[in-house]
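Asker: Residue-level listing of the chains:
Protein chains: 2
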Amino acid sequence: MALTLHSPLDMHLHLRDGEMLHNIAKESAHTFAGALVMPNLVPPVTDKAALLAYKARILEAIGDEHFRPNMTLFFKPDYDRAFLETLREEITAIKLYPAGITTNSEGGVSGFDVEELRPTLQAMSDLGIPLCIHGETNGFVMDREAEFVPIYEKLAKAFPKLKIIMEHITTKESVAALERFENLYATITLHHLIITLDDVAGGMLQPHLFCKPIAKRPEDREALLDVALRAHPKVMFGSDSAPHPKHAKEACGCAAGVFTAPIALQVLTALFERHNALEKLQDFVSGNAQKIYGITPIPKRVTLSKEPFTVPAEYNGVVPMYAGETLEYSIKEVTDG
Amino acid sequence: MALTLHSPLDMHLHLRDGEMLHNIAKESAHTFAGALVMPNLVPPVTDKAALLAYKARILEAIGDEHFRPNMTLFFKPDYDRAFLETLREEITAIKLYPAGITTNSEGGVSGFDVEELRPTLQAMSDLGIPLCIHGETNGFVMDREAEFVPIYEKLAKAFPKLKIIMEHITTKESVAALERFENLYATITLHHLIITLDDVAGGMLQPHLFCKPIAKRPEDREALLDVALRAHPKVMFGSDSAPHPKHAKEACGCAAGVFTAPIALQVLTALFERHNALEKLQDFVSGNAQKIYGITPIPKRVTLSKEPFTVPAEYNGVVPMYAGETLEYSIKEVTDG
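Listed in order, the protein sequences are those of chains A and B.
Under my numbering, residues 1 to 337 are what the first sequence spells out, in order.
Under my numbering, residues 1001 to 1337 are what the second sequence spells out, in order.
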């Protein structure tokens, strides 16, 4: 049995920089037609020169793969409108991080006063630039995302023409918020469709499944699966694939992030098949994102076959999800067009 | 400023066996007058010969420290009454583990049918042997203890003369259960008075704070603090100090357990002082346990002084809680009598 996906897109991806970028970028570029690339470098991507230089480094790192990095700018509340206009063609979205909430987010937003954020948000709304948000408060780890929902709603109400994407949602509260405001959308990762906190800390502690937002409760996973498996038009696949070197994951004080880029499509295919939802996978991994962002990806055909694939223990020093395990589906062929 | 504790007791302690026993037993034996020693060895302690041999190994490991190991037997549902009678003077309690719920608990109980458990429980009730339970279901990690409360209550009701100790409680639900049945008691660890899941997984992942039951929510910690700080007569200190080698904690698939034995009294003193509850500490760390178990510990005076103590990075290869940090209180003097 084989299945062909057309131009799969990963709408939330960490490609990092330097050696790590070179070590892992091809893993995404081989099987995806494009990805929304997160700007949380050190320092974050906040100007045109940095953005273009980062894009050039990405293109260099992926070599001859056909892959389009959709670039994002790191949100600042006081971006000049003219500045954003000059960048409009270069960026697909702007990514907002609450300060200190995850890897390299120290320069993010503290407090969510609408008037303070208005200069950038109004310009984005006028220019049609979507806003991506890592929506967590600094509250108790299991409550952070649900506590952020009122902030999503405040922003959605204040800027009704601004498309706001709730990134890597993990809770039933975020799923419910999708229905309350027309301009709220969401990305969902692979791992949050599969694991709960039980998989991270219910048996032995599993650092390679530790991420932010942390995986939540079974009923949260069910809510995510419900909208993903029917390719709800407001949700898109975004892996949040976030590589760290093995030693930084298997350590006292382990960094947050799950590396799923090389196995995402194989696992999603098996998951959607198991739920009799294979016909919805194309929209979840590409169609919905094209409509929400108004983008046309480069043509790419990825054929998966139901042949076992044993996941390598590491990809250039990064341990992937399912390392050493055997998946049901393999990437059989990738062709342009 | 100095404070003297009389015969402090640790009513839930893992001393392990072999090399680990030799590496860590003195850390408890130095500052505690006694401890309730858990029987989850491989194989578990289920007969008199094994019990006496383990006790002898403990006494050998602690050398010339004055310390009484209060021994426990690993619960089996069908212990012979005559067998328990012959052991009555040798054991302080019997410890029940649900099967597979924590380290070396594979031989524990599956299902909690009162009639199946009756042979041992009725004999224990008649002989006045307290029952210690690791109360967790195999449900979602944050719910396991609260889900077990009905089982505690079923047993408390079926055996009203049996003293049942809810071990290392972590939730407000367990605290509330204390009030509902006269024969329910509880131990509380040091770390569950201090940390929540936030400390384990809210920032970077902290394997040395990963334990079973896992630390819960802020309101759960508040409920534990409330009964501990007033030395509620049904609660006792039990560290659940559970050493693992450093490499087993800082690894992919980290083992559960926090090693607190060498720092427990120092940290408890600072904690009770901060809450203006120093006058309750003696009962929490000794008096309540003496009454609940009807035991008279060996005399020991442990004097703590308000002098900084920097916690070693390791004790013979085991990383303690607060490794490398400086505590407010030090052990100043330990004397017999």
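These are calculated hints, taken from the structure and not from any lab test.
A few of these clues could be false.
[To be verified] One side only, chain B facing chain A, incomplete, derived with CB under 7 Å:
#, residue
1, F1083
2, A1156
3, F1159
4, A1201
5, G1202
6, M1204
7, P1207
8, E1219
9, E1250
10, A1251
11, C1252
12, G1253
13, Y1315
[As the list claims (entries may be wrong)] Across the chosen pairs, the derived CB separations fall in these ranges:
#, chain 1, residue 1, chain 2, residue 2, range
14, B, C1252, A, I295, 52 to 60 Å
15, A, A49, B, A1277, 31 to 39 Å
16, A, K306, B, V1042, 52 to 60 Å
17, B, L1127, A, A248, 49 to 57 Å
18, B, G1203, A, A50, 25 to 33 Å
19, A, A50, B, A1277, 35 to 43 Å
20, A, A248, B, E1089, 47 to 55 Å
Just so it is clear, CB atoms sit at the ideal spot from N, CA and C, and this is done for glycine as well.
Asker: Could you run down the list of hints and mark each one as holding or not?
Answerer: Hint by hint, here is what the structure shows:
1. Interface restraint check: F1083/B against chain A, minimum CB-CB distance 34 Å, threshold 7 Å, status violated.
2. About 27 Å separates the beta-carbon of A1156/B from the nearest beta-carbon of chain A, more than 7 Å, and the hint is not met.
3. For the restraint placing F1159/B at the interface with chain A, the shortest Cβ-Cβ distance is roughly 30 Å, beyond the 7 Å limit, so the hint is violated.
4. Hint status for A1201/B: holds, given a least beta-carbon distance of 6 Å to chain A, under 7 Å.
5. The closest approach between the C-beta of G1202/B and any C-beta of chain A is roughly 4 Å, which is under the 7 Å cut-off, so the hint is satisfied.
6. Restraint check, M1204/B versus chain A: the minimum CB separation of about 4 Å is within 7 Å; hint holds.
7. The beta carbon of P1207/B is positioned within 7 Å of a beta carbon in chain A (closest approach about 6 Å), and the interface hint is therefore held.
8. For E1219/B, the interface hint is violated, the least distance from its beta-carbon to any beta-carbon of chain A being 9 Å, above 7 Å.
9. The interface hint given for E1250/B holds, since its Cβ lies 5 Å from the closest Cβ of chain A, which is under the 7 Å cut-off.
10. At its closest, the beta carbon of A1251/B sits 6 Å from a beta carbon of chain A; the interface hint therefore holds under the 7 Å criterion.
11. Given hint, C1252/B at the interface with chain A, holds; its Cβ is 5 Å from that chain's nearest Cβ, closer than 7 Å.
12. With its C-beta approaching chain A no nearer than about 4 Å, G1253/B sits inside the 7 Å limit, and its interface hint holds.
13. Hint on Y1315/B is violated. Least Cβ distance to chain A is approximately 16 Å, over the 7 Å limit.
14. One distance hint, 52 to 60 Å for the beta-carbon pair C1252/B and I295/A, is violated here, with the actual separation near 38 Å.
15. As the Cβ distance of A49/A to A1277/B is approximately 59 Å, the hint placing it in 31 to 39 Å is violated.
16. Distance hint for K306/A and V1042/B: a CB-CB separation of about 42 Å, inconsistent with the stated range 52 to 60 Å.
17. Between L1127/B and A248/A the Cβ separation comes to about 54 Å, which falls inside the hinted range of 49 to 57 Å.
18. A C-beta distance of roughly 28 Å is found between G1203/B and A50/A, which places it inside the suggested range of 25 to 33 Å.
19. A hinted range of 35 to 43 Å for the beta carbons of A50/A and A1277/B is inconsistent with their spacing of about 54 Å.
20. For the pair A248/A and E1089/B, the supplied restraint of 47 to 55 Å holds, since their beta-carbon distance comes to about 53 Å.
In terms of the numbered hints stated before, the structure departs from hints 1, 2, 3, 8, 13, 14, 15, 16 and 19, listed from lowest to highest.
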